[in-house]
Amino acid sequence: MSHATASATGGDERVYEVHELTRVEGEGSLRLRVKDGEVVEARLGIFEAPRYFEQLVVGRTPDEVIDMVARICGICPVAYQMSAVHGFEDLFGVRIDPQSRALRRLLYCGEWIESHALHIYLLHAPDFLGYESGIAMAADHRPLVEQALKMKKAGNHLIKILGGRPIHPVSVRVGGWSRAPRVSELKEHRAALEEGLAFALETVKVVVGFTMPAFAREPRVVSLRHAAEYPFSDGRIVSSDGVDLRPSAWRDAFEEFQVEGSNALHARSLDGKGVYLLGPAARVVLAGEQLHPLAREALAASGYAELIRTNIYASIVARAVELVHAFAEAIDIIDAYQVPAEPLVAWQSRPGVAAWATEAPRGLLFHRYEVDESGRIRTAQIVPPTSQNQAAIEADLVIAAKQVLDLPHAEATHRLEQMIRSYDPCISCATHFLDLRIEEV
Amino acid sequence: MTSRVGMTLGVPIFVCGELARGDDAAGFAAVELLPADLRERVEVVPVGQLDILFLMDLPADAPCIVVDAVAGLQPGEVWVRPLAALVDRARALQAAGCAPEPRSSHELPLEQVLDLAATLRDAPPAGTFVGIGGACFDVGAPLTPSVAAALPELVAAIVEEVAALTFTEAVRC
Chain A
1 MSHATASATG GDERVYEVHE LTRVEGEGSL RLRVKDGEVV EARLGIFEAP
51 RYFEQLVVGR TPDEVIDMVA RICGICPVAY QMSAVHGFED LFGVRIDPQS
101 RALRRLLYCG EWIESHALHI YLLHAPDFLG YESGIAMAAD HRPLVEQALK
151 MKKAGNHLIK ILGGRPIHPV SVRVGGWSRA PRVSELKEHR AALEEGLAFA
201 LETVKVVVGF TMPAFAREPR VVSLRHAAEY PFSDGRIVSS DGVDLRPSAW
251 RDAFEEFQVE GSNALHARSL DGKGVYLLGP AARVVLAGEQ LHPLAREALA
301 ASGYAELIRT NIYASIVARA VELVHAFAEA IDIIDAYQVP AEPLVAWQSR
351 PGVAAWATEA PRGLLFHRYE VDESGRIRTA QIVPPTSQNQ AAIEADLVIA
401 AKQVLDLPHA EATHRLEQMI RSYDPCISCA THFLDLRIEE V
Chain B
442 MTSRVGMTLG VPIFVCGELA RGDDAAGFAA VELLPADLRE RVEVVPVGQL
492 DILFLMDLPA DAPCIVVDAV AGLQPGEVWV RPLAALVDRA RALQAAGCAP
542 EPRSSHELPL EQVLDLAATL RDAPPAGTFV GIGGACFDVG APLTPSVAAA
592 LPELVAAIVE EVAALTFTEA VRC
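Sequence lines, in order, name chains A and B. Going by my numbering, the residue at position 60 of the first sequence is 60; the numbering climbs one at a time, nothing skipped. Position in the second sequence counted from 1, then plus 441, gives you my numbering.
If you are wondering where the hints come from, they were derived from the structure by calculation, not from laboratory data. Just to be clear, a hint being listed does not mean it is correct.
[Stated by the list, open to error] A few chain A residues that don't get close to chain B, going by computed Cβ distances all over 12 Å: (1) Ala-138; (2) Val-145; (3) Glu-146; (4) Arg-190; (5) Pro-340; (6) Arg-350.
[Said to hold, decoys possible] Derived contacts from chain B toward chain A, CB cut-off under 8 Å, selection only: (7) Val-486; (8) Asp-529; (9) Leu-557.
Source: prediction; values computed, not measured. The C-beta atom is built at its ideal place from N, Cα and C for all residues, glycine as well.
For reference, chain A alone in the conformation it holds in the complex (with noise of 0.2 Å):
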């Protein structure tokens, strides 16, 4: 339950508030003000204390910032560091052996895995069945949360295997892998795998069942593509309507910039377009051919594809489609895999810019580090998802409000929080930036 002031204010003005989202990732809250039936006010306020991350970065050497930026988030580790790394090795010109590669999108698919049947199943389902909080729920849906924390416990797992432990994981390294896995190894998880392969297919089908609000827009979407592959870390930056870019060129069309009131930057296209969307559904939207077959046969048999791209309350079936996804792929993987005959080749450090984007489970994460003479970080910029989605958020919360100003406020409420929770913001995420500026008097 939230914190919620829903209230008339008198006259035509109506504010609905949430004080404390609960069910996202952080501390944030929500505000919308209406006016005469046109909103006045529609935010997405991020109170979480700033983490500063940027700057404790500084000084430090790339294979220490892969180890510090996994602990930005406890969801998404991995997506830090592959951004990271992939930054680095395409500023130091290494190239990992393809059996590294391949190991790095299956601790990617671990991931995408434990994020995204978490956020179906706990965060987001008792949304659409009824329930304050997935403890409510499995009283009544005990199969379908025992079957998400098997998923979870599988995608954990896969990242314990790889990367030591099943969170913040150690053992990425700037050339490759500290370790890499025994075949044994991934063998003996692969029946998880297989088991959690058909969870995910029968979660598409439990999603499509769910009753989707009303709601529709179009959206200007943006994400990796890659010719051969679901984009994971390689391909390139493309958005619907004509943004084509190296993953290093983030900047060449899209900026940050601070909003008062949030502890989290905003993000906006420098083509005066503004607004955009990342995630599993714009992924889809934008890469779809690429999904795993068995996924793309999924989201096919949903008759979603389109709802996808225009009713955010759809992005449930976008991530569960990338759940088969990764199940699929991470048991191919591991099908073809042998140990890298070179898990950690040699590199050297070279001052420059070492940027690159990555698909995190909520979207597209950039890095950019300015690595000094020392082979040391002399700046770092890092641009998570949530931060770039929260200008969509607040424009899809001016769509919703008009669709839910005939419904009783506490319902109304709900519903607002529902469409953000959509998104799946990491709001922890979105608070390690700001400059830390000491002034000594």
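Model the placement of chain B on the given structure of chain A, informed by the hints.
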């Protein structure tokens, strides 16, 4: 006649808290002080935050011990309760509409994790919560003197609970 028959069960001790946050490190400090012979009968699992998956992995009826610092008690006060009692408390708070709200999607309050496990397993997890009142949970702070002084009492409570959970009553004719 009744006698106690020792059984090595490898009782897991889930240690919650955060090493770098003052009295939140009390559980970690306590398990370091456990007697060597007792360590053979337990499995110390530093978890930080107790995840539902740890409890779901336990065999049915297998007991565990959860150790954590507690805000709201007197600093250094040792507090021992069956895990089932914490589940009852969580449900009572829920029914009264005043359950604590998780502020993170992966940090459910301990009682709610136990409640979820009880729901999914048809029974509360077997075992005991051993807590100690904390005074300061600031980042970088050491244990406060009152908590440091109470560590032997916390260790004794853990030892007692391990003894209770790893010995079963057997009836001899």
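- [ ] Quick one: which hint numbers does this structure break? Sort them smallest to largest.
- [x] Of the numbered hints given earlier, those the structure breaks are 1, 2, 3, 7 and 8, listed in rising order.
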